[in-house]
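**Student:** Both chains come to you apart, so use the hints to assemble them.
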Amino acid sequence: MAGCCHHPGGGIAHIGRYPVNPRRLPSLNAVVSTAFAIASGLIVLAGYFIVQTANGQASLWTNLRLTLLNWAIILAGFAVFIGILNLFQVHFKKIQKKQKGALYSLLLILSLVVTFLLGLVKPGQMEIIFTTVQLPVEASLMAMLAVTLTYASIRLLRRRLNLLSVIFLVTAVLILLGTAPLPFLGTIPGLSDWVRPFLTQVMAAAGARGILLGVALGTLTTGIRILFGADRPYGGNK
Amino acid sequence: MSNWLGLAGSGLVILSAIMMLALAFLRRKSHPVFRDIPAFTRLRQAVGLVVEDGSRLHVSLGRGSLTTPQSASALAGLALLRRLADLTSAGDQPPIATSGDAPLAILSQDTLQAASKFSDRTTSDPVGGRLTGLTPFSYAAGAIPAIRDEKVSANVLMGNFGVEVGLLTDAVERENSFVVAGSDNLTAQAVIYASAQEPLVGEEIFAAGAYVDSGSLHSASLTVRDILRWLVVATILAGALLTLAGIL
Chain F
0 MAGCCHHPGG GIAHIGRYPV NPRRLPSLNA VVSTAFAIAS GLIVLAGYFI VQTANGQASL
60 WTNLRLTLLN WAIILAGFAV FIGILNLFQV HFKKIQKKQK GALYSLLLIL SLVVTFLLGL
120 VKPGQMEIIF TTVQLPVEAS LMAMLAVTLT YASIRLLRRR LNLLSVIFLV TAVLILLGTA
180 PLPFLGTIPG LSDWVRPFLT QVMAAAGARG ILLGVALGTL TTGIRILFGA DRPYGGNK
Chain G
0 MSNWLGLAGS GLVILSAIMM LALAFLRRKS HPVFRDIPAF TRLRQAVGLV VEDGSRLHVS
60 LGRGSLTTPQ SASALAGLAL LRRLADLTSA GDQPPIATSG DAPLAILSQD TLQAASKFSD
120 RTTSDPVGGR LTGLTPFSYA AGAIPAIRDE KVSANVLMGN FGVEVGLLTD AVERENSFVV
180 AGSDNLTAQA VIYASAQEPL VGEEIFAAGA YVDSGSLHSA SLTVRDILRW LVVATILAGA
240 LLTLAGIL
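Protein sequences, first through last, are from chains F and G. Position one of the first sequence corresponds to residue 0 (numbering that gives the first Met the number 0), numbered consecutively onward. Position one of the second sequence corresponds to residue 0 (numbering that gives the first Met the number 0), numbered consecutively onward.
Treat the hints as calculated values from the structure; they're not laboratory data. A hint or two may mislead.
Stated by the list, open to error - Simulated DEER-style distance windows between Cβ atoms:
1) G:L133 to F:F91: 12 to 20 Å
2) F:A207 to G:L14: 23 to 31 Å
3) F:K99 to G:L230: 21 to 29 Å
Claimed, not checked - Listed next, the in silico PhoX-like pairs over lysine-lysine satisfying Cα-Cα at most 25 Å (straight line):
4) F:K92 to G:K150
5) F:K99 to G:K116
6) G:K150 to G:K116
7) G:K150 to F:K96
8) G:K150 to F:K97
9) F:K92 to G:K116
By construction, the Cβ of each residue, glycine as well, lies at the ideal position given by its N, Cα and C atoms.
Okay, chain G solo, but in the shape it has when bound (with noise of 0.2 Å):
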């Protein structure tokens, strides 16, 4: 049986690798158009303003672990800290990333380190990626001091959160600032739901990339994704009328 759903799975990555790569190939030159998500055009604009008024840009990653399945959404957001950051390289100020783990808070780190080395931005920041705290409730609790005192005027709050998101979303909020946020956790997404001025609901935060012109690969991902779920769909339609014609 574990065979069995080893080879299932296997075929399923195989299939959405092939699926991506030629989806990339084939619009390497065009530019897919995809539905409006406000949030994604709200950024765009915080992002300008970011630029053009010397304020900074905060990325709040998360507590994902690398080592556990929630990293998924703290890696799609290191992904968009990346092209944040060039977006943002004509900026007086590099961005600041915080996160509520340590691999990842090295990780923005080097993200940052290295979208400065490409950009021709002569100053980095050397803790621009910074480790706010090993709990979920000390790292919203470090985070706020990011959001509050260091000038920033846009937020995107993107990865694992859990109910401290709201903390956070509170802080941007007295600030008077932007924020989008998303995270891959339900009660984060609830929370985030009733406190953020742009939330991303369900699996919107790995369409970042995309939104932002992260590469043809990112959009090849998003539509690749769209393909699956109506395969997930027919699936599971396909299961309860056979299990309603007593087949399964």
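Okay, chain F solo, but in the shape it has when bound (with noise of 0.2 Å):
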């Protein structure tokens, strides 16, 4: 901030004759977090690529990547703690503001208290929780979602008719009619022994891999531009 001034009437800083808004300028932290950030970044990546020493050894570079992925996943850890108490501020803030929706919120906070203190004085009961809450909620949402998907691909024509969704609906049906025997029928001769393994061991795994190569492509990318620190989703500022 050299040559830097307050203007005397509004309080805009100036760099030389030019009117800089502070809050645009980068604060230290986010040129300690970049620097640090792309540090570990280029260690971890070296870890990877140099692994061994010539004689046979795990490299340096190798120790210092498993390092810094563990203080990664300790910090992880932590977040979840950060992030309860995220989910609590949300609801807590739904119940206060009586907004719509806010009896959920006060079933969701009530539900977190009892299992932490469930947690806190039988850990060895937890798991009771999980059996009889979670598994069968998450599974009548899982079977929500097979009529979500049934009615979703119903309007898919409808919202768009083209060839890529009738070929995606031909697709679809060819594959459960050869996976699911039918009533009376069993499976369907042709279709079940060669239609339905040709579809989903050629032709879809070929169209996997080609996106997968593009998505690894697209990583790559991602990885590199936040190594540049173009793309910074930590410290804010930029």
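**Tutor:** Have a look at this one:
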């Protein structure tokens, strides 16, 4: 901020003759966090590429990589605790403001507190909550999803009537008919033993590999942008 | 063998990095033209509407843990969140970001706060970045009220999802609001294709930054990806031909 002064009236900073919004200047926190993130990223990357030394032992980079990843896992564990506090805060605010669905928020907070207390008092019994509450609820959501997806597939042609949508639906129907045995008919000859395996093992596998290669390239360029500090999902300032 | 693989891997990363820097430098003043992806065109329109009608934008980042390779799509989603928060800064209400991973929720809150700080917005939502659940379906169940009850008119679902994304797209459909959705997960992509208004197929989620003008490096990374894709195609074809000829 050399050569920087404050405007006597408005409090706007200047660099030389030019006015600068002080809120847009990178803070020390942003600079330090960016430097740490880039350095950590480079060390972890080097740890993947330089695995062994000439005498077959794990390289320094590999050891540093493992140490940094262990730190990241510990921090991620602590982040879960902060995330739970965030969840609590969101729903507590909802109850306070008597927003729509506040009753559900109250139920969520009560469940959270009961589960937390049970975890403290009887840690061995925690599994009961998962098997009697969490699993059935998630299983019923999965069942709902089956209906939702069937309905969505029916609406697909109304929403996007094109060749790809038609291929998508025809393939889905062929796979369903080829997978599930039909009442009184059993499996459909040709469909179950030839069409379905061809679609899943040749066509779908080839397409999936193409998509996964594209995703891998996307992952690579996203990582490089973060290493350059162009995308900074940490430290805020940009 | 591992040293050779390491060398090849590091060569690929260094080559990509050099190409990205060079392209970003060469194109710093020009505006590259990419093929039309209708989802991004409609996203821009939807963002404009969010600002005009005073509604909210909802960005869901999925549940890709930051310590796994699935984090890339979430990081791409975070970059898009930052850009969209900037674009909607003239609106009445800040965006909401939901996620199913705690570190991701913290980063999304940080991103929203940074966007708020750099914009002229006077208010920021202290709980704009939210953790809605830690399991796939609890995450979806927690994100649905945000879609339904918070005056949201545009939704962006971008990150690592599973089949539960179908519940989110269904909730959007019921609210008659806009949704653009993409994932790096193949199962989720199939669900999104069937149920979302504007699906992003394959690696299109990683192109989001270039399409919403996030900077020259985003545009350069998209071009580098295309170059690398052709290199991969050429390598696969060469490998197939060499195998056919009995050389490999």
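**Student:** Next step is simple, just say for each hint if it's right about the structure.
**Tutor:** Going through the hints against the structure:
1. Between L133 of chain G and F91 of chain F the beta carbons are some 18 Å apart, a value that agrees with the proposed interval 12 to 20 Å.
2. A hinted range of 23 to 31 Å holds for the C-beta pair A207 of chain F and L14 of chain G, which are about 26 Å apart.
3. For K99 of chain F and L230 of chain G, the hinted distance range of 21 to 29 Å is not satisfied, since their beta carbons lie about 53 Å from each other.
4. Pair hint K92 of chain F plus K150 of chain G holds up; C-alpha atoms about 17 Å apart against a cutoff of 25 Å.
5. Distance hint between K99 of chain F and K116 of chain G is unfulfilled; the C-alpha atoms sit about 29 Å from each other, more than 25 Å.
6. Among the hinted pairs, K150 of chain G with K116 of chain G is consistent with the structure: their alpha-carbon atoms are about 23 Å apart, no more than 25 Å.
7. Among the hinted pairs, K150 of chain G with K96 of chain F is consistent with the structure: their alpha-carbon atoms are about 16 Å apart, no more than 25 Å.
8. Proximity of K150 of chain G to K97 of chain F is assessed by CA-CA distance (about 16 Å); at most 25 Å being required, the pair is judged to hold.
9. As the CA atoms of K92 of chain F and K116 of chain G are separated by approximately 23 Å, the hinted pair is consistent with the 25 Å bound.
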